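Colleague: Residue-level listing of the chains:
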Amino acid sequence: MLTALLILFPLLAGLLVFFVKGNAARNLALGSSIIEFGIALGAFMLFKHNPNAALLNFDHAWVQSLGIHFSVGIDGMALLMILLTTFLVPLIILSSFKNEYSNSNNFYGLILLMQMALVGVFTANDGFLFYVFWELALIPIYFICLLWGGENRGQITFKFFVYTLLGSLFMLVGLIYLYNHTNVDGLKSWNVQDLYAAGRSLTEVQQSAVFWMIFIAFAIKMPIFPFHTWQPDTYVTAPTQGTMLLSGIMLKMGTFGVIKWLLPVVPLGLEKWGGTAIALSVVGIVYASIIAISQKDFKRLIAYSSIAHVGLISAGILSANQQGVQGAIMQMLAHGVNVVGLFFIADILLRHTGTREMDKLGGIRGMNGNFAVLFLIILLGSVALPLTNGFVGEFLLINGVYQYSAVMAAIAGLTVILGAVYMLRAYQKIMLGERNDSNVAFGSLAGTDKLVLGIICVAVVAFGVYPKPLNDIAEVAVRDILMNLK
Amino acid sequence: MIKLIGLVPLFPLIGFLINGFFGKKIGKSVSGIIASVSILASFILSVLIFVELNGSEEKSHIVNLFSWINSGNLKIPFEFLVDPLSSLFLLIITGIGFLIHIYSIGYMSHDEGFARFFTYLNLFVFFMLLLVLGNNYLIMFVGWEGVGLCSYLLIGFWFKNNAYNNAARKAFVMNRIGDLGFLLGIILVFITFGSISYNEVFLKAGTASTGVITTIALLLFVGAMGKSAQIPLYTWLPDAMAGPTPVSALIHAATMVTAGIYMIVRSNVFYSISEVASETVAIVGVVTALFAATIGLFQNDIKKILAYSTVSQLGLMFLALGVGAYSSAVFHVTTHAFFKALLFLGAGSVIHAMGGEQDIRKMGGLSGKIKITFMTMLMGTIAISGLPPFSGFFSKDEILAHTYEHSPLLWMFGMIASMLTAFYMFRLLFLTFFGKFRGTHEQEHHLHESPSSMTFPLIVLAILSVVGGLLGLPEFWHMPNWMSNNLESIIVRKNPSTLNHETEWMLMGIAVLAAAVTIYVAYIIYRQKKTIPLKEGDKMPGLQTVIYNKYYVDEFYDAVIRKPLDVLSVAFHKFFDIQIIDGLVNGVGSTVKTVGSGIRLLQQGNIGFYIISMVIGIVFIILLTFLI
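From first to last, the protein sequence lines are chains A and B.
Each residue of the first sequence is one higher than the one before, counting from 1 in this note's numbering.
Each residue of the second sequence is one higher than the one before, counting from 1 in this note's numbering.
Possibly wrong hints are sitting among the right ones.
Ranges of calculated distance between the beta carbons of each label pair, as one might list FRET restraints [as the list claims (entries may be wrong)]:
{"hint": "1", "chain 1": "A", "residue 1": "Val63", "chain 2": "B", "residue 2": "Ala571", "range": "30 to 36 Å"}
{"hint": "2", "chain 1": "A", "residue 1": "Val407", "chain 2": "B", "residue 2": "Met479", "range": "49 to 55 Å"}
{"hint": "3", "chain 1": "B", "residue 1": "Ile62", "chain 2": "A", "residue 2": "Gly447", "range": "44 to 50 Å"}
{"hint": "4", "chain 1": "A", "residue 1": "Thr355", "chain 2": "B", "residue 2": "Ser209", "range": "54 to 60 Å"}
{"hint": "5", "chain 1": "B", "residue 1": "Ser67", "chain 2": "A", "residue 2": "Ala441", "range": "47 to 53 Å"}
{"hint": "6", "chain 1": "A", "residue 1": "Lys296", "chain 2": "B", "residue 2": "Glu488", "range": "55 to 61 Å"}
The set of hints was computed from the structure by calculation and includes no laboratory data.
These numbers come from a predicted model, not from an experiment.
Quick reminder that beta carbons are idealized off the backbone N, C-alpha and C, glycines included.
Please model the complete structure; the sequences and the hints are all you need to start from.
Modeller: Following this line, the structure appears as structure tokens:
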């Protein structure tokens with residue numbers, strides 16, 4: 001029931017927000033997202049107490065004739081993803097307080113609907129339901145980007161929409177194929193365990209086909225090289241909060257999908273093609289990192305760095321060992337928090353100086369030391385300095401990939417160096433040195449801005465020093481998932 | 001006391017937090033006192049722990065703080081190890097750290113970033129303590145990267161100067177190259193032994209194949225090359241002199257850069273198994289020692305000379321490690337920490353007196369004006385040159401004797417490096433303190449001895465530089481070598497020395513004679529002939545030009561790595577990404593677009609329509625759930 005509530009609550013709140021005017025809309029959205037986070041914390045407590053609590057699961061027949069159930073449940077991985085989602089959404093809403101959006105009630109309503117769909121994706125235990133939420137998540141973000149985006153938004157958003165939709169269709173075909181092979185006492189089923197069983201009953205060739213059909217959808221969503229070209233443009237064009245939703249949470253749908261809806265389904269397909277997919281992921285790490293070096297717009301630089309990070313996550317997952325998958329989950333959490341922080345910094349820069357062009361900036365450290373420190377802490381999380389949240393995941397990921405292939409690990413590890421190269425270069429250009437253009441001033445931060453950055457920085461350090469509460473859940477969750485693989 | 005080991009890094013951490021959050025409000029004097037007292041507290045505790053450890057039978061104590069990262073069979077506790085090696089490093093870090101904090105109160109007194117400086121300095125000490133205290137490789141790595149961060153922050157301390165910022169960035173990135181090697185090494189340790197805790201790993205070291213051990217040892221050594229500035233990853237250290245001078249003394253001479261030596265001594269079990277790795281360490285070490293020493297010959301910036309000297313001395317320490325003389329390396333780390341911190345702080349005092357001037361061509365005749373600085377720097381210079389009975393003599397002699405035993409050829413190169421050291425150090429001393437003053441009138445007028453907060457640390461370090469040799473008297477003198485006895489429990493002993501006493505006396509004699517002759521040559525050139533190095537832009541002989549320009553290594557790296565990377569970045573972005581991959585996507589996309597033109601009609605409507613239709617859809621779905 002709790003899980004259904006987690007889905008239902010943002011839906012109702014979102015619908016309500018559509019009909020509220022002015023600042024009340026954003027306040028309502030913020031309030032309800034905080035309540036949602038509270039509910040998620042409740043689920044966390046309950047889970048700690050009893051991971052199999054009945055409250056965490058909900059199952060109701062939906063389309064009986066087709067074996068479709070409205071079946072949602074919280075396991076360890078879902079819990080972590082929900083915590084991430086519900087933690088980030090209030091921050092994302094709060095981060096918009098200094099931006100003026102027209103029809104802001106629609107804007108905030110869509111964010112909450114998006115949250116509903118995301119929680120649905122992370123909790124669905126029914127293949128069809130998963131697909132429904134998966135597509136549902138695309139709609140609000142599509143409108144957010146289309147209506148409140150920047151230059152060229154029509155064309156760019158359309159491409160993003162079509163590209164991801166195309167990928168999803170492949171996945172739908174793959175899922176239907178699996179569904180057709182299910183057999184539970186003579187009936188077909190969309191239940192996730194039944195789909196696992198169906199997948200494993202397939203021959204290697206069949207599994208390979210299913211592997212690619214489903215992987216493509218996830219690869220586009222994350223995105224993985226060479227399916228990534230929609231991403232930089234979309235991230236740059238989308239309004240900041242849209243970019244945060246896309247990078248902070250939505251791309252985790254892809255990595256989450258691989259762990260829950262791909263690995264256990266087609267073990268033979270993974271064995272045959274996992275190496276190829278890892279190679280693509282690893283190539284993407286180096287490729288995107290190198291491109292990031294020469295970026296001029298800070299937002300685009302973060303976009304490329306995100307491709308690099310997600311490449312490592314994907315490689316870790318596909319290595320299919322404890323450290324790789326656990327590292328992936330930990331890094332999904334860390335990346336979500338850090339990338340939201342970085343995009344927020346890009347937004348603050350734009351708001352204060354009128355530009356994100358790094359060549360035009362400089363010397364901001366001298367004008368606002370606090371901002372410089374907050375920025376630096378988030379940056380360190382992003383380059384995975386030990387004792388920041390980014391390190392735990394990155395270390396486990398490289399470890400996991402190493403067990404698959406030492407060479408791949410060495411190449412993937414280049415992110416350690418290249419990440420420092422582009423991030424520190426950006427930091428220097430933006431923050432250090434003398435003021436580049438004497439017209440560019442940078443005053444003090446607004447209260448809400450400080451609050452958001454402060455919370456993110458605390459999270460960066462806290463979960464770097466003491467990741468245990470989250471890491472323990474991830475460890476057990478991954479152990480269960482890998483049991484399924486054997 | 002040992003149970004309280006957690007407090008040793010905690011004090012600097014508290015100092016860091018107080019200064020970080022309230023530094024500006026509490027004022028300079030309070031800020032400086034808090035920072036220094038926090039290190040003093042750590043130092044006192046370290047001394048107590050050191051004494052207790054010395055008195056106890058059990059030489060290795062593990063103190064568990066909390067469990068940090070668990071993943072399947074990978075268990076990484078946040079755990080400290082107190083043993084003779086780590087407790088010695090604690091003394092060096094907190095002891096010299098404290099002196100340098102005191103010094104900095106005077107040196108940085110006019111800087112507006114005073115509190116920020118001490119914030120970073122405290123944080124550095126915290127991470128440095130983690131580095132040596134950790135009971136597993138990952139905690140070492142935490143400290144390792146943490147000190148790298150502080151080094152970055154302190155090199156670029158004066159952040160308005162972009163040349164300094166570039167130096168800071170270079171240091172960080174170059175260190176990260178090493179760190180990747182280190183990280184992969186740690187992972188291989190885990191994969192091989194199922195653990196990364198020292199005690200478990202070293203117990204099982206014999207079970208792995210030599211090939212794997214060699215790979216591990218070499219990967220770890222890549223990390224050491226970065227942190228301890230060995231060829232090819234050394235070019236960041238001379239640039240790091242952009243930071244305030246106390247930073248150069250503490251981080252870039254006495255402590256952080258010796259982390260690589262610590263790491264290899266800690267892992268000596270691996271290196272004693274793998275001959276290939278050991279030989280590599282020895283060769284890289286001796287080549288670096290020689291190479292950096294030659295560059296030191298022609299530098300004119302007082303800090304740069306000391307920086308190249310540090311690279312060179314670190315090379316000597318790696319030579320020691322490579323030939324299996326682990327305790328000699330630690331001995332030299334210790335004495336080097338004394339005299340090199342002294343020399344840097346002395347240089348800082350000189351720069352202070354000269355109003356910021358660092359070029360020794362513009363100094364001269366300072367001995368009478370800043371007597372304490374001169375006397376203490378003289379002690380440091382004699383110590384580093386290896387004249388008896390100063391500390392450097394004993395540690396260097398031990399290294400060279402072990403090297404001779406291993407390979408007379410390596411010994412010869414080590415010997416040459418030592419002679420070069422004696423030469424450029426006395427060159428520095430003569431040009432700075434003797435002869436006529438070559439600066440401006442204004443500078444001459446302002447010449448003054450530094451305040452006592454700065455001279456006090458100089459005096460203490462000078463005393464240590466003189467008597468530090470007592471820590472490791474030669475065994476063939478039938479004296480107790482405290483250093484090697486102390487480290488006995490953690491070091492794989494190689495066979496007892498096969499050199500007979502005559503050979504040892506002879507080696508010692510050659511070393512002293514060589515140093516004396518070199519110093520005399522320097523005396524003739526810079527005192528009798530009063531040679532002053534050429535001015536900027538003057539024509540130099542060819543080889544000298546090459547060396548003066550540091551063999552153009554920076555230019556080489558720029559041309560081979562940095563610039564190609566920039567070009568590649570643009571090429572990937574503009575051509576490969578936008579033209580090829582995205583071009584393909586768009587090609588497919590435009591087909592889809594044509595086909596989907598019908599669907600597009602739906603997208604001409606207004607927002608309200610979209611939202612209403614979406615809401616209807618969602619409500620429909622939810623209703624379906626319960627109706628069907």
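Colleague: If a hint holds in the structure, say so; if it doesn't, say that too.
Modeller: Structure-based check of each hint:
A C-beta distance of roughly 52 Å is found between Val63 (chain A) and Ala571 (chain B), which places it outside the suggested range of 30 to 36 Å. Between Val407 (chain A) and Met479 (chain B) the CB atoms are about 52 Å apart, so this pair conforms to the stated range of 49 to 55 Å. Hint check: Ile62 (chain B) to Gly447 (chain A), Cβ distance near 46 Å, so the stated range 44 to 50 Å holds. For the hinted restraint 54 to 60 Å between Thr355 (chain A) and Ser209 (chain B), the CB-CB distance of approximately 57 Å keeps it satisfied.
A hinted range of 47 to 53 Å for the beta carbons of Ser67 (chain B) and Ala441 (chain A) is consistent with their spacing of about 48 Å. Checked against the given bound of 55 to 61 Å, the beta carbons of Lys296 (chain A) and Glu488 (chain B), roughly 59 Å apart, stay inside it.
Hint 1 alone, counting from the list given before, is not met by this structure.
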